[in-house]
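Kindly produce the complete structure, drawing on both the sequences and the hints.
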Amino acid sequence: MSRYWIGFTVLATAGILLGGCKRAPEISFNEQIRPVLNDRCVNCHGGIRRQGDLSLLFRHEALMTAESGEKAIVPFEPAESELLRRIAHTDPDLRMPKDDSALTPEEIQTFRSWIEQGAPWEDHWAYVTPERPPLPKVSNPDWIRDSLDYFVLARLDEMDWSPQSEADCPVLIRRVSLDLTGLPPSPADVNQICIAEDLSYEDYVDLLLSLPTYGERWASMWLDLARYADSQGYEKDLGRTIWRYRDWVIRAFNEDMPFDQFTIEQLAGDLLPGATESQLIATAFHRNTMTNTEGGTDDEEFRVAAVVDRVNTTWEVWQGTTFSCVQCHGHPYDPFTHREYFEFFAFFNSTADRDLDSEYPTLPFFEEEKSTEGSVLMSEITKLEDAILAQIRSDSLVALRRTWETTLNQPEVIGRVPLMKQNEVKRVVATPEKDRGDAQIWTLDHVYANLSDDPVITRLRSEKREKERAMHALNPIHTPIMQELPFQRRTHVLERGSFLLKGDRVAPDTPDVLPAMPEGAPRNRLGMAQWLVSDENPLTARVTANRFWEQIFGTGIVESLEDFGTQGLERSNADLLDYLAVSFMEDHDWSMKSFLRSVVLSATYRQSSHVTEEAIRMDPHNRNLARGPRFRLNAEKVRDQALQVSGLLSSKMYGPSVMPPQPEGLWKNPYDSRQWQTSEGDNRYRRAVYTYWRRTVPYPSMATFDSPSREVCMSRRIRTNTPLQALVTLNDPVFVEAAQALAKRMLRAEDSIAAGYTYAMGTSPAPEDMDVLSTLYTDAFAHYTENHEDSASLTGESGSIDLAALTIVANAILNLDQFLMKE
Amino acid sequence: MSLINEARHTYLGHITRRHFLKSAGAGLGAMAFASLGTASAVAPSAPGPHFAPKAKRVIFLHMAGGPSQLELFDYKPDLARLDGQDCPESLLEGKRFAFIRGIPKMLGPQASFQQHGESGAWISNHLPHLGRVVDKIAFLKAMHTDEFNHAPAQLLVHSGSPRLGRPSMGSWVTYGLGSENENLPAFVVLLSGGVAPDAGASVYGSGFLPTVYQGVQCRTKGDPVLFLGDPDGVPRSLRRKTIDAINSINQQQHEEVGDPEILTRISQYEMAFRMQTSVPEAMDISREPSYIHELYGTEPGETAFSNNCLLARRLVERGVRFVQLFHWGWDSHGAGESESLDGGFLHRCRETDRPVTALLTDIDQRGLLEETLVIWGGEFGRTPMLENRSGSDNPYVGRDHHSDVYTMWMAGGGIQGGITHGETDEIGYSAVSGRVHVHDLQATILHLLGFDHERLTYPFQGRDFRLTDVHGHVVHKVLA
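Chains A and B are the protein sequences, given in the same order. For what it's worth, my numbering labels the leading residue of the first sequence as 57, then goes sequentially. For what it's worth, my numbering labels the leading residue of the second sequence as 5, then goes sequentially.
Partial chain B-side listing against chain A, Cβ under 10 Å, derived:
| id | residue |
| --- | --- |
| 1 | Asp236 |
| 2 | Phe277 |
| 3 | Met279 |
In silico lysine-lysine, PhoX-like type, Cα no more than 25 Å apart, as pairs:
| id | chain 1 | residue 1 | chain 2 | residue 2 |
| --- | --- | --- | --- | --- |
| 4 | A | Lys482 | B | Lys109 |
| 5 | B | Lys109 | B | Lys99 |
| 6 | A | Lys558 | B | Lys99 |
| 7 | A | Lys490 | A | Lys558 |
| 8 | A | Lys520 | A | Lys439 |
| 9 | A | Lys523 | A | Lys439 |
| 10 | A | Lys520 | A | Lys426 |
| 11 | A | Lys558 | A | Lys482 |
| 12 | A | Lys558 | B | Lys109 |
Everything labelled a hint here was simulated from the structure, so no lab data went into it. Being a predicted model, the structure only gives us computed values, none of them experimental. A virtual CB, placed ideally from N, CA and C, is assigned to each residue, including glycine.
Laid out in structure tokens, this is it:
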């Protein structure tokens, strides 16, 4: 805080001193002008509101003549610039900002100098392709372990701070194991590295990166962005089978699929030449949108809602931009127009899904022995569908079909159309035939195909139904995927974001403020995905590197992971961010493992997280990285770690989501009688990433530890620290069971209490801690000696006083701050 | 062998010789830890009020979905005459609605009205009880908001911003005033109506304020708070000792690593322990006398708005600072029976009228009303037009969301009862006088609690944030 204040005072003083001089220092638009415009002006003179017909969002707009006949800004001519006159006006009715405090004299002087200098506009840094910054000179080159350390140390040098010393070996080993795999190290690992010293830290990092648990840990991060869930969302929130996508993400991380390919397969895998089954499953990324199966809803409305969500999610995940504002109007402060939103929308507007209960289109997956039969049936069904469509478009049916259309206003005819299609059909029929779009014709074709009495169609339909029944009997697992229609839906600007208020027609394109699509890239989702991961795109690498950074250090270099726009939070270290972004693309060639490896090998990462009161005061959130990260484990890790150290965790991977124990009666949906069916055997103890995720009723212990509902994309989980969390880890039967299991492990060990602590922390307890735990053990033992029935109910075994007392100790160990935190 | 020796004997098998020797040297008995107890702060110290507060506690009855003011409080006989006529286009120009398309028809009041109390306030026949307490109430008939969809509008009411991430009012208030009861959360949330608020837990989240200020949801069935009960076979005494052990090791950890988060964790474990006794006690309405159950219409064990009203009284009685109720089901579009003025709306009236009246009566009789501010209202109101979703008529009678004007009311702590502030035009579509924005309401609530809303701030991201953002004027006319 004080640093900024001093900076500000110096600047302000300089402004006053130089005010009278002929040559003012060069004004930085991004640093001195834009923040004031955004904070004080664009609320009324910006993207949404253009009071007095003035917008200060783009330079060309700001230079135009406003309603008053005056120009707000005339470059090089402060005397003719109405803006200057108004911000300095003495009449409160004329002075800007209206009804608010005046700008400071220094701010006014800055505006004057800026206009004198020609009122140059600059692009916001995030929209300019990053360049590799030169490595800065640092005070202590010996400290450097990775190039990223130069940028951190240079910052500390500037402030005359020094980095913390390296964390103790066992602490560092636990930190890196939790960071890379989401699980703590085994005491044997710690021993091997820290005591026996026959495994180096570097080799251990490589080992962790090669474990299958790596993919499970990082998938959790990605699934928040993908808004992956096992239910459809909205009011009914019925089940959805899409876990094969979750498995795809885990495999992609484990195979270290480069991030550019990872991007392209998820956004446009279906459009790749000869798309594989895996690439089709990847596209389920955007089938995680919600489906509204509530009666009476309009399928077209919710199809549009799903496309909107795909646009917003794509922008949040890859571009760190809150694009959703632009859906209804121009962006209030970032340079994106309403039209550009729908040009981008057009990339996503031609897929075959349309809010159907069946989640069509889906990819069926057959058990091995049924797969041949299954694919034969699939191709027969496709042939029959084509035949039906050919028949309804045949000349023989044209007249009949027209008659049918004219009768659609009759209740008994429209009544045969599925309820959720009725409005759309009415809209199509109301459109003159020559004006109908391909999608409208297609919709009508499909409705007619299901209703026509034509004998040929009737026969084909019943054949198709038979094949479908046969396929259904094979019990395939259907995964929703993206599939492009054989034609492009017309895309219009939707006024105020409403699916009914269609404005100008637009073609697929990317916004002008960003570099254009790569040459030769197709104007479809594939081209759009290639554009996102092109070398010129200024945002993708920065946003992604920043995400990984936040996962490791607890706070992003840009704290607002989801907003790199002008209202987002300022970078804590601009060069570090650009270095990481360029390095991710060029040095690591988009390899996520390689990138993470360099981060955890850095000296910055290895610092101890110990902190003094003064350091907390100077930098409470460790933005300057003068110490190592210390923050609470996320929901998944809290669960997985407890199961792991107690020996319960199942290493089984993949497959349908599981239902570990949760309190009864939480699933109470008036529209859905499904119940939580507690899993048995191994499936009770799977990693959290496999837990069934129902959007409206999230698994309670995980929700208590801040996991999101996943209704929409979520970049950041805000960490909390509440008594409810204490109740989970003390009393949730899952955690009690973990304590019982840990107690059994302890019972078998020679030195039970110390062993329990070591299983949990990877290192043996300090004598003081041991004293406390021993006392607890003694007290518990005394209680259970006198109360046998209590020991039986706690352990489920009679005559188990020792086990009961150890369970109490285990329960305490699993609740220690050190256990719940990454240190 | 004495018990303690037997324990020691078994214990010997579990610790190393080194540890034992050290422990024995210190003496086992000497290792017992005093409870860290209430000495450690539950939360960072509260900034405290700027001037003497009129109200010390708040009960906010949020009628989620947006109840229709035209069927409850805003009596518009002229609207009845226009019933069934096309809405004049002049009323629609430049307006946004959630569902209305094209030209809707006007819809007359679906209620009859009578005046009540000395103040002569108009109340509809759907609220037969409320008339009895109407002289305690100040109506705000020209409320307005910026948002016309549920989630953002609910966020605006509770956090001052339509977007996620800001602290809720309950969090601001508990941050400002601290807690009056160390054994209960200072900010409790009670849900009824079968559906959580549209904006989810964010409407009672702490945003960027420390998380100790977030609202804690309590339930009327099962564990009142999930996982509140100790595991089978763990008596309270042993739970106490467990928490002592955890906190004592955490204290040592803090001395070593210095992270203030550890101190928060210590206080949260203490709080969790106290909550285990105090929450079930506070949440148990079964021992309330029968006349109280009669008054509220409560049945112990149900998840119902009436039970939540009675709980609200029990909680404020115990010093809970902010009790937030949400009762879902006021979204009377007419698209289905449950959400129509001739269906679900009437049920909501029946479910809420008696308990709300009972709550005001009960806390008044106990002398609590004077220092307890009670607020009733939704996130927006409803249009005087009949909703015609997507251009076609709805099967039931309903109205669309309306953000320009709606009614809320306040009573108790520092509020002048028996008055009406704000007036709407003859059809209840726009305000004529006394407009009160959501931010003004918030400024007024904070004022009653002793805060200048412009000075109750919290630094975040280089700026001092406040509940009312850069807006808000105290509505002095409703103050006693």
